[in-house]
Each structure stands twice: as structure tokens, then as C-alpha cells.
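S.K.: Go by the hints and put chain L onto chain Z.
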Amino acid sequence: MKYLALLTGPEDIGQSRLFWAVFVLLVVNFLAGPLWMSEFEASNVSYYLLNLPMALGLCLLWGYCGVLSFGQVAYFGIAGYLYGIIAGNMRGDPWGPLLGEVGGLAACAVVSAIFGYFMFYARVQRWIVPILTLVLALLLETFLGQTAGYQWRVGSVQLGGYNGMTGIPWFQLGDLTFFGYSFYYYVVLVVLVSYLGCRALVNSHHGKVMLAMREDPLRTELLGYDIRARQLAVFVIAGVLAGLSGLLYVQWGNYITPSQLGLVQAALPVIWVAVGGRSKLLAVAISAYALNWITYSLSSAGNQYALVIIGGLLVAVMLFFPDGIVVTLARNMNRQALARLFRRG
Amino acid sequence: MEEFSLVISVAYQFGTNAAFLLLCALGLIVILGMMNIINLAHGELMMMGAYTASLSYQAGLPFPLCVAVSFLVVGFVGAVFERLVVRRFYGRELSALVVTWGISLLLSQGTLMVFGPFLPSIPIPGGSLDVGAYSLSVYWLILIAVSIAVVVALAWLYNRTTFGLHARATMQDAAMARALGVNTGRIYMLTFSLGAGLAGFSGALLAPTASIMPFMGQQFVAPAFITVVVGGAANVIAGAVGSSVLLSLVRTPVGFYLGAFLGLVALLLAALIIIRLMPNGVSAALQRWSDRRAQSH
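Line by line, the protein sequences give chains Z and L. Going by this note's numbering, the first residue of the first sequence is number 1, and it counts up by one from there. Going by this note's numbering, the first residue of the second sequence is number 1, and it counts up by one from there.
The hints are simulated quantities; they were obtained by calculation from the structure and are not laboratory data. As the structure is a computational prediction, the values presented were derived from the model and not from experiment. Cβ atoms here follow ideal geometry from the backbone N, Cα and C, with glycine treated the same way. Wrong hints could be hidden among the right ones.
[To be verified] Partial list, computed: chain Z residues near chain L (C-beta under 7 Å):
| id | residue |
| --- | --- |
| 1 | I128 |
| 2 | L139 |
| 3 | A267 |
| 4 | A274 |
| 5 | L307 |
| 6 | V308 |
| 7 | L314 |
| 8 | M318 |
With the rest of the complex left out, here is chain Z:
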């Protein structure tokens, strides 16, 4: 019961029974997807879903904790490349991919912990964190871009410069290899667990402290909480979640290029979170899914306006829906429901 309260707590959209009924229906709908989707469609839906952990991590960091990062794609790339290196070198070993996952996520945790230590323990001003994280992503992109050629290989895996790393193995657990429908189920499961985990986190005691830090760091500190350690913890969680998206991405497409860590890609998580509404996890999940679907359709139709549309959307949302489109809609729906109640009473 206590754990259920964590899920239904007040810090995200949807507490009513009706909401949870709809939520369960939605999950069932995703699980039943392969009944009416072709493998190709299922693979597309996996792609829209696989960016959700990165978006949720940024939502925790920016919306709930008040710390903005522009460099989440750095962890996406670190995990993706490291998975490629480890799993690629252990090709044939049934547990290689799992080791690759563990290695990739551990590297994300270590890099974000070191980077976060220097920033949060220095108590830098708020604008420094997004700037430095962006610089980290840009430097990694530059580094990986110049790794073309035979001398840039780790074991038997070539880093591949701007063409990227190709032939990255599928995810595999023992004899079970995940591709097609099984990969789809694996993505749905990972995304569902990340969402519910984040939701439980924000409704926990630590979540309340996160909100307090966002509202007033000084007061939170005077109440006896070590805000440096707590900000660092959320930063690491967000980094690991971004790494999770990176793992799913390379397992989905079997390749990764340095442009996945570039300036344009780095803008995308920020846009998903801003458009949905950074203060609510579910809003971010919805907008990340929808925007991934839109940009994927636009760019596979060869549309050169995709970036302009995305940039324009970001400016328009910041100007006219500063709380995000989904959050604003949800609030208006709540208000209408309240008004109806009052009229009856």
C-alpha cells in the first residue's frame, strides 16, 4: 500500500481511478500492439519510445530539481559507444550484450558523478551547468568525429569517425536475442519501468526535497539538507537514464554516429521537456513520444524544414505556453472538471 501511494502521489498528472484505468488500457494497448502492427511499425514505435528515459531524466533534473542540462546526449553517446565496444568485442558470448549494458550505464554514472562534483560542490550559478554540459557533449562529438581510420579501434571494434560505429550487436540475454517484436516488448518494459520509477521517486521524501531545492535552495539547505549531494544524485540519475536511451538506440538501429551527440540532437531533449511541460513527468512522456513521431515522419519524408519547425515550436512554446502545452491542457481540464462539480453543488 505504501508503494502504491508513491505511484499515486500528487507530484505528477493523474491521481484518479479514471486516470489509472486509462493508463492501464494504454499499457495493454502497447502490449497488444504486435497483434495489429507489422514488425516495421513496431520498430518505428520502439524508436518513438526509446527516447523517453532521456526525456524523463531531464524532466527530473530541470522540472523537479531546477537544474538544467543541455548535454544529456553526451551520456546517450557514452552508453551507446561503450555498449558497441564491449558487446562488439564479446561477439558470440551470450552474455556480452548484458555486460555492455552494465558497462555503458556505469560509465554514464561515473562521468556524470565526476562532472557533477565539480559543478555542484563549487555551488556554481544556475546558468553554468547547462553551458558546461553542452560543452562536454560538443567535445565528445568533435573527438568521435576524428576517430576515422584503422588506428582508432578498441579490440576488434572500429570507432569509425563521422560515419560512426556500425554492426553493433542486438541485445541478448543468454539464448534470447531481442529484435523485431521481442525488442519492441523489451523497449516497452524498460520505458514503463523508468516512468513508474521516476514517478515513485518524485513522490518519495527525496522528491519533496527536490521540489524544495527548485523553489529555494538556501532555505532547503538551512533545513538541514545537503543540497550539493542531492543535486549530484539527481544529476547522476538523469545521466544514467540518458544512457539507457542511448543503449536502446544502438540496440534498435545497430549503429551510432557522432552527430547523435551534436548541437542539434542536444536541443531535442530540451524541446521535448519544454513542449510537454517540465513540471510533470507524464506531460514530458507524452510530448517526447509525439515529437519523436512527428520528427521521424518529417525527416523520413526528407523534409528539410524539420529543424525550423522544431526551433520555431520551441520559441513559440516558451513565449506562449511557458508551462508547456500538455501541462496547460491538463490544468484547464482539471479546472473545467472542478467548475462542473461546483455547479452541481
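M.R.: Leaving out everything else, chain L in the frame of chain Z:
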């Protein structure tokens, strides 16, 4: 003679690095010092400066005039952005970062659609100068001189003009400055326009050294951001000069022995260590040091 030319060469390397960082960061740091926001569209404003310079160079203007035109055009664009968008985000620094990023995406992709993937580049003015076994580019020597001149001009602007007085008052305490009759809204607009104009100016000056493409701004943003983070916002000129000198002390030897990319990595590592020691940047540390000296006298 051999040692002499080596010293000259090292000083030249150091000077070009410092001038490059200073030119990249000046526009950003002017805006940061006043409004405490980072303009993420800075790289794209530099790109616009390079585009304006290239277009007016093709139209037959002499290069120095092209640079002046870039300063004015991009400064005007900056004023328009401030009026239309940035103005609404004062006091919400994180949102301001995000909205200027949206503008930067619009600008770079819009440029690609309007002007295509590249413009004709500008030939590097001036030849080279031989000192012993080393050869120095005259244009980079000019850039070093220009960046010193810009710093002097900014120091004059901030310390000797009415605008500078009002600007410093607004930086210290905007509410109090408003109460004393300073039109802070106008100061904000002019400062943003000045910062944008400086970005355009630097973009035009660096245009001959780069290829002129819609996404060329990206190569300037990483060094510019690091310089600004290390410089801090307490004092525009002390921050810009202190941080670019300090960082080129790091970058010159690393870049010389280990290559340009590791020079950039060294910048990032140096920035992390410097902010751990001086969280508000070099400018705040310099400010504290000079305050203490003033007190002891």
C-alpha cells in the same frame, strides 16, 4: 637569434589563442554581465556576421568596411530579438537559455534554406612575416591588435560615457537605478544589441579564417562558453581579459605539443578546476582582490 625567434613564436601562439577566445566571448560576456543570461544564439550571430561580411565583400566593399557593416547589421538584429523575445525572459535565466537556443536553431536552418550550404570565402588579408624559422600571419597580428583595441574601447564605453555609467548602475542594482531615473529597459536593449553587434563583428573578423557555412557558429561556441564560464559576470572587462589570458596559458602549450583537439579538452578541464576554486569566475576573484587592496590602503 634562435632563442629570440622562438620567444616571438611562442608569444605569437599565445596572442592568437587569447585573441581568438576574447573575440569569441566578448559579445556573450557583455550580455551575461548585464542580464545574467547566456545567449545560446551567439554562434549563429557570429555566423550572421560572417555572412554579412562575405556578401558585402562580394558587393565590392573593402574588408574593414565589411566588418563595420556586420557590426551594425547584427547589432540591429540583436535589438529586434531583444524587443520581440528576450525581453520577456528577464529574471528567468534558464528559460532565457532555452528560448535563445530555439532562435539559434531557426537561424542556422533558416540560413541554410535561404543561402544554401556555403558562401564564397573571403581571402585572408595581409601576407606572412618571417621571424627566424617561424612564419607569422600578418592578419592574426592585426586581430591581436584589434582585440586589444576593442577591450580599450569597451573600457572607455563603460567608464567614461553616460551609457556606461547607467549600464554599471543597472548591473549593480536595477531597481535602484530605475528609481533614480535610468531607463533600464533601454539599457537592456542597447546592451543586448551591443553584445550581438560584437558577435557579428567577431564573426566577420574570423570569417577569412573559416569556411562560411550555416553551421559555422558551432565551432566558436565551445571556446566562447568556456571563456565566459571562467570569466564570470562580476566585471565584463576583467572577466573577458582575465579568462582569455588564463585559458590561453593552458591552451597554448597543450595545443602546441598534443594538438588542437586536446587543447580544447584542456580548456574544459581547466574550466572545471577553475570554477571549483573560483565559483563566480576570474572576474569576481579579481574584484575581491582589488576591493581588499583598496580597503587596506
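S.K.: What hints, given by number in increasing order, does this structure fail?
M.R.: none
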